[in-house]
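Colleague: Could you build all of it, start to finish, from the sequences and the hints given here?
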Amino acid sequence: MAPTALLLLAVSIYPLLYSLRISFFSWELTAAVPPAFVGLENYVRILSDDPRFWSSLSKTVYLVVGGVLIELVLGVALAALVVRCGKGRSVVTALLLIPVMIAPVVVATQGIVIFNVQWGPLNYLLSLIGIDGPVWLGDRHIALRTIMLTDVWQWTPFVIVIMAAGMQSLPVDIYEAAEMDGGSAWRIFRHITLPLIQPLIVVTALIRSMDIFKTFDYVYVLTGGGPGSSTETVSLYNFLQGLEFFSFGYAAAMSYIQLIIISVFASVLIRHMRKGLA
Amino acid sequence: MKSRGPKILTYAMLLLAILFFVLPVVWIALTSFKSQAEVFSYPPVFVPEHINLRHYAGVLSGAGGQALRDSFIVAGSNALLSLVAGVPAAYAISRWRIGGQHFAMWILSIRMFPPVVSAIPLFLLFTNLQLLDTYLGLIIAYLTLNVPFVVWFMKSFFDDLPRDLEDAALVDGANRWQAFVRVVVPLAIPAIVSSGLLAFVFAWNEFLLALFLTRSAVKTLPIALSSLVGGHEILWGQIGALAVMAILPVVLLVMLLQRYVVRGLSLGAVEG
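As given, the protein sequences belong to chains A and B, one line each in that order.
181 is the number that the working numbering gives to position 181 of the first sequence; each next residue is one higher, with no gaps.
To convert, take the position in the second sequence, counting from 1, and add 278; that gives the working numbering.
Everything labelled a hint here was simulated from the structure, so no lab data went into it.
The beta-carbon is built from N, C-alpha and C at its ideal position, and this holds for glycine as well.
Worth double-checking, as some hints may not be accurate.
What the hints assert, rightly or not - Under 10 Å between C-beta atoms, here's a sample of chain A residues computed to sit facing chain B: (1) S26; (2) W27; (3) Y124; (4) L126; (5) Q198.
Modeller: Written out as structure tokens, the structure reads:
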């Protein structure tokens with residue numbers, strides 16, 4: 001059985017090594033010229049001579065920072081409510097897990113309808129409470145935030161469920177003591193619950209950061225990177241370099257830059273998980 | 279004693295939040311029953327006048343039927359193969375501590391890498407091997423995601439499984455493999471089924487690798503859906519029907535496997 005383990009490792013690492021090799025070549029699928037070794041040139045070009053890459057990276061970072069913050073704040077706050085539900089918790093959890101498990105592409109195709117300005121239900125509902133809804137997908141100042149909202153809709157429930165599970169596992173006696181001392185609900189939450197679930201918050205933030213960093217499906221379906229290039233994330237730009245422009249060496253180098261960034265998150269995550277969670 | 283007011287406020291806020299997260303899913307389901315006129319009417323029609331099943335028939339006889347079949351074939355075979363490869367490997371890693379105690383974490387980190395990193399080499403490799411746009415190609419591609427997941431999930435299960443029973447079987451003259459198949463696997467069935475079903479969902483929902491590695495012969499649900507919204511005349515009723523069919527298996531799994539879903543998605547951070 002030990003050989004199967006090593007074989008598997010080989011299978012999962014082989015594409016990574018092959019990709020690294022491709023990233024050192026000028027590898028144009030459309031041109032008749034064969035791939036040529038260019039060393040680090042692809043990396044140098046991406047980092048020093050490709051404003052579109054930097055622009056896509058800054059949009060991606062915007063999504064990560066905004067999305068993670070909103071999801072954590074909403075998730076922790078709502079989890080504090082969920083844990084008070086008692087027996088209803090399991091039903092609430094099941095309902096909340098539905099958005100999480102749906103394919104992002106399904107979410108995005110329906111987002112096209114929901115965000116539609118002429119006949120979509122969202123702006124209609126907003127108009128009922130007197131709000132003039134924005135042009136969700138067609139306005140270059142709004143569209144990236146609409147992508148963020150989509151992610152918040154799909155993934156906040158995940159944060160709620162995790163935080164609720166974490167809060168549920170905290171020792172009851174601390175709370176009883178705090179309530180005896182007459183602490184208000186807010187003070188108990190602020191001074192006891194929050195510090196105790198802080199490791200879980202860190203881990204969740206890292207998991208969500210890595211996922212949002214890879215945002216592709218929503219953008220591809222909802223906006224295709226537009227209007228202009230206002231929603232072009234790194235993953236989308238990387239995809240275009242590969243399957244639209246067929247510059248495989250360049251695309252592979254870009255994917256490796258992404259991999260390095262993700263690895264930083266992953267190694268921090270692993271260190272945190274090793275320390276052990278409550 | 280707590281006053282009653284905040285309690286009601288708690289439930290009201292929670293209800294509002296749940297409506298926010300669940301209503302769009304209900305909206306999708308309702309859309310699949312609407313007539314084309316109801317889809318485009320303003321103010322929007324929320325509940326259709328008649329339960330109209332013709333979108334289901336329409337999409338199943340067209341692109342949707344193929345997509346449903348292809349997704350079942352790819353996700354189903356991939357999940358089975360991931361188990362066949364991953365479960366024994368997880369057992370070996372757990373029992374012989376291959377690669378030290380943090381090995382499972384490193385396996386897991388492979389799964390966190392952006393899929394485009396493996397999409398590019400696989401595209402070139404499959405071009406040479408003529409595996410582009412085939413079931414086999416996509417099934418293999420998803421192994422790079424799901425085998426690490428199964429190994430990680432099952433390893434933590436085997437770590438917690440007491441060795442006494444296997445040791446007893448070994449003393450009785452069984453070899454390692456027999457002890458694994460006859461003693462360990464039966465005990466692990468719930469965990470094996472859960473990790474297999476989660477692997478199924480990951481493959482069922484995956485988009486980017488399918489976009490790279492398939493064209494027209496193989497079209498999974500996400501690919502079919504994304505091309506339906508790209509057309510000239512967009513049939514929202516049919517898209518809704520196909521979306522419902524894509525969501526349904528996933529919702530059933532959530533109901534069945536709530537605890538494992540939480541554990542699997544949080545990478546073991548919480549027990550659920």
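Colleague: Each hint: holds or not?
Modeller: A quick look at each hint next to the structure:
The restraint placing S26(A) at the interface with chain B is violated, with a minimum CB-CB distance near 14 Å, outside the 10 Å limit. The closest approach between the C-beta of W27(A) and any C-beta of chain B is roughly 8 Å, which is under the 10 Å cut-off, so the hint is satisfied. For Y124(A), the shortest C-beta to C-beta distance to chain B is roughly 5 Å, which falls under 10 Å, so the interface hint holds. A distance limit of 10 Å between C-beta atoms decides the matter here; for L126(A) the minimum to chain B is near 12 Å, and the interface restraint is violated.
At a threshold of 10 Å, the smallest CB-CB gap from Q198(A) to chain B is about 13 Å, leaving the interface hint violated.
Violation of the numbered hints given earlier is confined to hints 1, 4, 5; the remaining hints are satisfied by the structure.
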